[in-house]
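Protein chains: 2
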Amino acid sequence: MKPLILVTNDDGITSKGIRTLVETMQTIGDVVVVAPNSPQSGMGHAITIGEPLRLYETHIFDQVTEYECSGTPADCVKLAKNYVLQDRKPDLVVSGINHGSNSSISVLYSGTMSAAIEAAIEGIPAIGFSLNDFREDADFSHATELIRQITETALQNGIPTGVALNVNIPAKSDVPLRGVKICRQAKAKWQEKFDYRVDPHGRGYLWMAGDFVNFDTEKEDTDVWALENNYISVVPCQYDLTDYGTLNTLATWDL
Amino acid sequence: MKPLILVTNDDGITSKGIRTLVETMQTIGDVVVVAPNSPQSGMGHAITIGEPLRLYETHIFDQVTEYECSGTPADCVKLAKNYVLQDRKPDLVVSGINHGSNSSISVLYSGTMSAAIEAAIEGIPAIGFSLNDFREDADFSHATELIRQITETALQNGIPTGVALNVNIPAKSDVPLRGVKICRQAKAKWQEKFDYRVDPHGRGYLWMAGDFVNFDTEKEDTDVWALENNYISVVPCQYDLTDYGTLNTLATWDL
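Sequence order for the protein chains is A and B. Throughout the first sequence, residue numbering follows this note's numbering, covering 1 to 255 in sequence. Throughout the second sequence, residue numbering follows this note's numbering, covering 1 to 255 in sequence.
Just so you know, these hints were derived from the structure itself, not from any lab. A few of these clues could be false.
Identical chains share a label here; the pair holds if one copy fits it or two copies do between them.
Stated by the list, open to error - Straight-line C-alpha distance at most 25 Å; calculated SDA-like pairs for lysine to any residue: (1) K189 to T242; (2) K189 to G50; (3) K172 to Q149; (4) K16 to G123; (5) K2 to R184; (6) K181 to L255; (7) K16 to S38; (8) K189 to D91; (9) K187 to G162; (10) K193 to T161; (11) K172 to N214; (12) K193 to L146; (13) K219 to Y244; (14) K181 to T246; (15) K16 to N37; (16) K172 to D91; (17) K2 to L177; (18) K2 to T144; (19) K16 to D62; (20) K172 to S70; (21) K181 to D240; (22) K89 to Y244; (23) K193 to D240; (24) K172 to G162; (25) K187 to Q238.
Starting from the given sequences, assemble the full structure and let the hints guide the process.
Rendered as structure tokens:
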């Protein structure tokens with residue numbers, strides 16, 4: 001029996017990246033799509049609790065059960081598991097292919113990875129795929145066969161329970177990809193700058209823009225190093241934020 | 001010199017919880033507020049990248065420099081550090097007091113804690129405070145002195161770099177609080193149910209509701225246990241999602 005694969009993303013159901021992922025997953029299993037009806041980049045692990053959700057069937061793809069949702073990527077996974085599919089638990093959740101990389105700290109801001117992590121919380125094996133090219137018409141052609149291989153390998157080996165894989169793929173270039181590297185999340189941050197402008201009504205507004213600052217430049221075991229050196233990076237992610245190393249320190253505080 | 005304390009939250013700048021926190025922090029240091037202009041519960045680590053931000057000075061509090069922002073809690077911290085304050089780095093960021101607990105897995109969905117974690121990413125000591133009472137008129141009176149003590153102790157001892165404290169406080173009851181416990185994040189999830197309704201225009205919509213499912217019921221070292229037993233829970237949180245225990249497993253895969 002073919003595996004049941006739930007596909008979602010954060011760029012929205014009409015993006016090129018999810019179309020590529022749906023077509024790739026159709027070579028592996030039965031595909032169900034529940035994806036946002038609008039771009040949700042940067043939504044992190046947001047969920048919709050103050051207002052209701054809309055969920056409508058769509059007919060964008062060939063031979064796929066598919067729905068667009070007004071909510072966030074994490075909402076899509078919750079809706080898919082508990083409302084659309086109910087007693088049919090997916091064998092795998094894949095999210096993406098994101099237009100833009102989600103390496104390092106970006107995993108926290110990423111709707112793509114939050115959907116995958118939401119699946120991991122639900123005990124479903126999950127992979128988020130991102131391409132290091134944020135253009136709307138990004139070229140995914142060099143990535144599809146590798147995505148298929150990584151997905152097949154993950155299904156065969158079994159992703160450990162509670163883990164979601166964060167897979168980042170270099171942008172297409174003249175140089176062939178050098179392979180796949182298992183990595184840790186690079187220590188880094190975004191250094192924001194704000195661009196103040198005045199709207200036609202005389203009121204100020206601000207655009208947030210940022211530069212990526214890598215604190216891990218000399219280490220070769222990070223996802224950022226892998227991408228910069230034309231490898232696909234795979235980071236296993238989990239969702240227990242406890243800093244276990246600090247528990248003993250805090251225990252000495254007089255609280 | 002008094003410490004500079006940045007206050008934010010996710011319930012919005014007009015909520016009772018942030019007013020309580022501002023007043024408590026004014027007994028400790030100089031306070032600057034940058035907080036959302038609307039409720040942002042469940043926004044997780046979302047940031048605003050597809051549209052501009054509005055930031056306006058407000059005059060809600062006494063003797064405080066204060067701004068309301070159209071963005072998310074994480075946006076507020078980025079704006080405060082890089083635009084409002086610029087060369088004056090806060091000594092501490094506090095977020096809350098949230099109306100509702102953010103124990104266990106809720107830390108991922110919490111705007112309150114994402115603001116604190118954003119500060120940790122920026123290298124600023126940070127604490128998120130949440131009360132286990134989601135009512136708009138929740139009673140914070142039993143919590144303020146303890147919040148003051150925890151904050152003073154954290155400032156004296158120094159929160160390790162890259163760590164944000166997730167502090168959850170039991171709701172007010174007839175029983176006095178039993179003290180503070182250093183905890184780990186309980187293993188749990190939300191089990192969602194969706195309530196389908198039809199709007200006056202004949203179109204369907206869904207409300208998401210959930211039951212909390214605790215997989216850690218027999219353990220006494222978790223934040224959920226602490227809250228259930230009338231302790232304040234303190235979980236040190238970090239933001240490297242890498243599952244280090246799985247790196248070696250994945251290295252055996254034929255990728």
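Each hint tested on the structure:
1. Taking CA atoms no more than 25 Å apart as the test, K189 paired with T242 passes in both settings, with 20 Å inside one copy and 16 Å between copies.
2. Proximity of K189 and G50 under a CA criterion of 25 Å is satisfied inter-copy only: 19 Å between copies versus 30 Å inside one chain copy.
3. Proximity of K172 and Q149 under a CA criterion of 25 Å is satisfied intra-copy only: 18 Å inside one chain copy versus 55 Å between copies.
4. Taking the shortest alpha-carbon separations for K16 and G123, neither the intra-copy value of 28 Å nor the inter-copy value of 37 Å comes in at or below 25 Å.
5. Neither within a single protomer nor between protomers do K2 and R184 lie at most 25 Å apart by alpha-carbon distance, with minima of 32 Å and 39 Å respectively.
6. Taking the shortest Cα distances, K181 and L255 sit within 25 Å of each other only across copies (8 Å), while inside one copy they are farther apart (44 Å).
7. For the identical chains of this complex, K16 and S38 are intra-copy neighbours only, at 13 Å inside a copy versus 33 Å across copies, given an alpha-carbon limit of 25 Å.
8. Taking the closest pair of Cα atoms, K189 and D91 come within 25 Å of each other only across two copies (19 Å); inside a single copy the shortest separation is 34 Å, beyond that limit.
9. For the homomeric pair K187 and G162, the shortest alpha-carbon distances inside one copy (22 Å) and between copies (10 Å) are both at most 25 Å.
10. Only between protomers do K193 and T161 lie at most 25 Å apart by alpha-carbon distance; the minimum there is 23 Å, versus 39 Å within a single protomer.
11. Only within a single protomer do K172 and N214 lie at most 25 Å apart by alpha-carbon distance; the minimum there is 23 Å, versus 44 Å between protomers.
12. In the homo-oligomer, the alpha carbons of K193 and L146 never lie at most 25 Å apart, since the shortest distance is 36 Å inside one protomer and 36 Å across protomers.
13. For the homomeric pair K219 and Y244, the shortest alpha-carbon distances inside one copy (23 Å) and between copies (16 Å) are both at most 25 Å.
14. In this homomeric assembly, K181 and T246 come within 25 Å of each other (Cα to Cα) only across copies, at 14 Å, whereas the closest approach inside a single copy is 30 Å.
15. Proximity of K16 to N37 under the C-alpha cut-off of 25 Å is restricted to the intra-copy arrangement: shortest distance 14 Å within a copy versus 34 Å between copies.
16. Neither within a single protomer nor between protomers do K172 and D91 lie at most 25 Å apart by alpha-carbon distance, with minima of 30 Å and 44 Å respectively.
17. Taking identical chains as interchangeable, the C-alpha atoms of K2 and L177 are never at most 25 Å apart, the minima being 29 Å within one chain and 54 Å between chains.
18. Only within a single protomer do K2 and T144 lie at most 25 Å apart by alpha-carbon distance; the minimum there is 19 Å, versus 57 Å between protomers.
19. For a Cα distance limit of 25 Å, the shortest separation of K16 from D62 inside one copy, 15 Å, qualifies, whereas the shortest one across copies, 51 Å, does not.
20. For a Cα distance limit of 25 Å, the shortest separation of K172 from S70 qualifies neither inside one copy, at 32 Å, nor across copies, at 37 Å.
21. Both within a single protomer and between protomers do K181 and D240 lie at most 25 Å apart by alpha-carbon distance, with minima of 24 Å and 18 Å respectively.
22. Within a single copy, K89 and Y244 get their C-alpha atoms no closer than 32 Å, and across copies no closer than 27 Å, so neither meets the 25 Å cut-off.
23. Proximity of K193 and D240 under a CA criterion of 25 Å is satisfied inter-copy only: 24 Å between copies versus 31 Å inside one chain copy.
24. For a Cα distance limit of 25 Å, the shortest separation of K172 from G162 qualifies neither inside one copy, at 31 Å, nor across copies, at 35 Å.
25. In this homomeric assembly, K187 and Q238 come within 25 Å of each other (Cα to Cα) both inside a single copy, at 16 Å, and across copies, at 12 Å.
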